[in-house]
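Asker: Protein sequences appear in the order of chains A and B. When the letters of the first sequence are read in order and numbered with numbering that gives the first Met the number 0, they come out as residues 0 to 354. When the letters of the second sequence are read in order and numbered with numbering that gives the first Met the number 0, they come out as residues 0 to 180.
Just so you know, not all the hints are guaranteed correct.
[Said to hold, decoys possible] Result set (EDC-like, lysine to aspartate or glutamate): computed pairs, CA atoms no more than 20 angstroms apart in a straight line:
| hint | chain 1 | residue 1 | chain 2 | residue 2 |
| --- | --- | --- | --- | --- |
| 1 | B | 56 | A | 347 |
| 2 | B | 180 | B | 170 |
| 3 | A | 300 | A | 347 |
| 4 | A | 4 | B | 28 |
Since the hints were made in silico from the structure, they are not lab data.
Residues per chain, in single letters:
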Amino acid sequence: MGEIKLMKGNEALSEALIRAGCDGYFGYPITPQSEVIEYLSREANARTGMVVLQAESEVASINMVYGAAGTGRRVCTTSSSPGISLMQEGISYIASAELPCLVVNIVRGGPGLGTIQPSQADYFQATKGGGHGDYHMIVLAPYNVQEMVDHVKLGFELGEKYRTPVMILGDGALGQMMEKVELFEQMPRKTEFPDWATTGKKEGIHRSIITSLFIQPEVMEQVNLRLQAKYREIEKNEVLYQTINCEDADYIFTGFGLGSRIAMKAMEMAREKGHKVGLIRPITVYPFPYDIYKEFAGKVKGILDIEMNAGQMVEDVRLAVEGKTQVEFYGRMGGMIAGPDEVYEYFEEKFLGGK
Amino acid sequence: MTEESIFAGFGGQGILSMGMILAYAGMIEGKEVCWMPSYGPEMRGGTANATTIISDKSISSPIISRFDTVVALNQPSVDKFESKIKPGGTIIYDASNIINPPTRDDITIFGVAGSEAAINLKNMRVLNIVILGSFIAARKTVTPEAIMKALASVLPERYHHLLPVNQKAFEAGMELVINYK
Chain A
0 MGEIKLMKGN EALSEALIRA GCDGYFGYPI TPQSEVIEYL SREANARTGM VVLQAESEVA
60 SINMVYGAAG TGRRVCTTSS SPGISLMQEG ISYIASAELP CLVVNIVRGG PGLGTIQPSQ
120 ADYFQATKGG GHGDYHMIVL APYNVQEMVD HVKLGFELGE KYRTPVMILG DGALGQMMEK
180 VELFEQMPRK TEFPDWATTG KKEGIHRSII TSLFIQPEVM EQVNLRLQAK YREIEKNEVL
240 YQTINCEDAD YIFTGFGLGS RIAMKAMEMA REKGHKVGLI RPITVYPFPY DIYKEFAGKV
300 KGILDIEMNA GQMVEDVRLA VEGKTQVEFY GRMGGMIAGP DEVYEYFEEK FLGGK
Chain B
0 MTEESIFAGF GGQGILSMGM ILAYAGMIEG KEVCWMPSYG PEMRGGTANA TTIISDKSIS
60 SPIISRFDTV VALNQPSVDK FESKIKPGGT IIYDASNIIN PPTRDDITIF GVAGSEAAIN
120 LKNMRVLNIV ILGSFIAARK TVTPEAIMKA LASVLPERYH HLLPVNQKAF EAGMELVINY
180 K
């Protein structure tokens, strides 16, 4: 067993970045995730020599990530919704240039400058390609502080495996709350870099070029075909989800991240009242676990999706079940979070005839 | 055992710390813990609160609709959370700060003289630890020893000279509940 600590989500994620041997962090403070840059600037450089730099803006941060990722280093930026919107151009470039990096979005209520309270309203942006062009990021959705740690390591590994940007899609509550976490051991920073990295051309070494500009459409199409083939591989190999109590379920509750925990509590309430309710929780929201919903679509009487937005993941759930079962949605917006009681009442109203 | 509690009061009363110390103590005892603070503009001079869940089982939602125990250090907190206590639950409030006490007859009510106890110790800032003592005496969620260990871990070392007065505050708070009439 690793070391167990009581930590805030943002701090736990920061500690995991240091321990994962991250080489560089470039960020700009924004509530509710400013603890990340605070923690890293206090701890990181002295412990591992990791570069921690406060950029002049989010646009600068993501372009610093782009540049540093091009050298084959493990790099990361974190922000919250409005800041992540500013980064979209850079993320599209990084996806096109096929560079690994970790982008963390501790989502707050929007649209616009919005609120600083927890939200999940950036699901579309994260999973469908928030920037321009046909690209995806792998998107991990932690549901507790432990996964804020685990997903850092997993995110770096997946990014490097597929040469693709990876996003951790959290929310303000996960960033601010404290839970027990088991930390993994300190990993060494990399000393060898991949073949494609721009590490300084020396005599007899091939020239690496990192670019997202392919001016001839024939070439750009080939780049796109390579990206799409990679996304199909990711969709085939990297889907992660969790199911609870689904074996005998008449109904399934679902949600990602913090929404899944509210769904879990509502499921416990339903079970106490004798209703057979199970839970599906996507851990990767891209690639989305369509198959597990498809599998249960013909077996259950209905699915209730709970999110902290106006209904975004529910579109993927509906796509998966192909109309084979009733899908209902319950969510609150703008930084308000549904309590388990109101979720349960909505379940009774929609599926049990308001009993 | 699952204790779903909320600590609520004015920003600056040490509300968030009360929950954090309880969560830390729960962890020391090997329990599952979750501490979820309110954060944002409402903390500055307004009301602050921290949901704190301690359990033998894994914890599902950190957002909960009803509480086993409410700890209220000001009137708005009593007004806001009294109705959200589960039947048979408990409310502990600082009697010196409350004009309209809770009225429900299906819950246990402890209106403890926390501010007076803190004044007796000549340190108003230990009010939160007094009330945490009352909470532990009433709910026995964790042992007093775990709380004192947690306090030593949470308090930065430069403040460790304050541990004895906090210990006294904690014990005074426990006695307020043990001798409650």
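Asker: If a hint holds in the structure, say so; if it doesn't, say that too.
Answerer: Consistency of the hints with the structure:
no. : hint           : result
1   : 56/B to 347/A  : violated (26 angstroms)
2   : 180/B to 170/B : holds (18 angstroms)
3   : 300/A to 347/A : holds (13 angstroms)
4   : 4/A to 28/B    : holds (13 angstroms)
Hint check: a violation occurs at hint 1 only; the rest are consistent with the structure.
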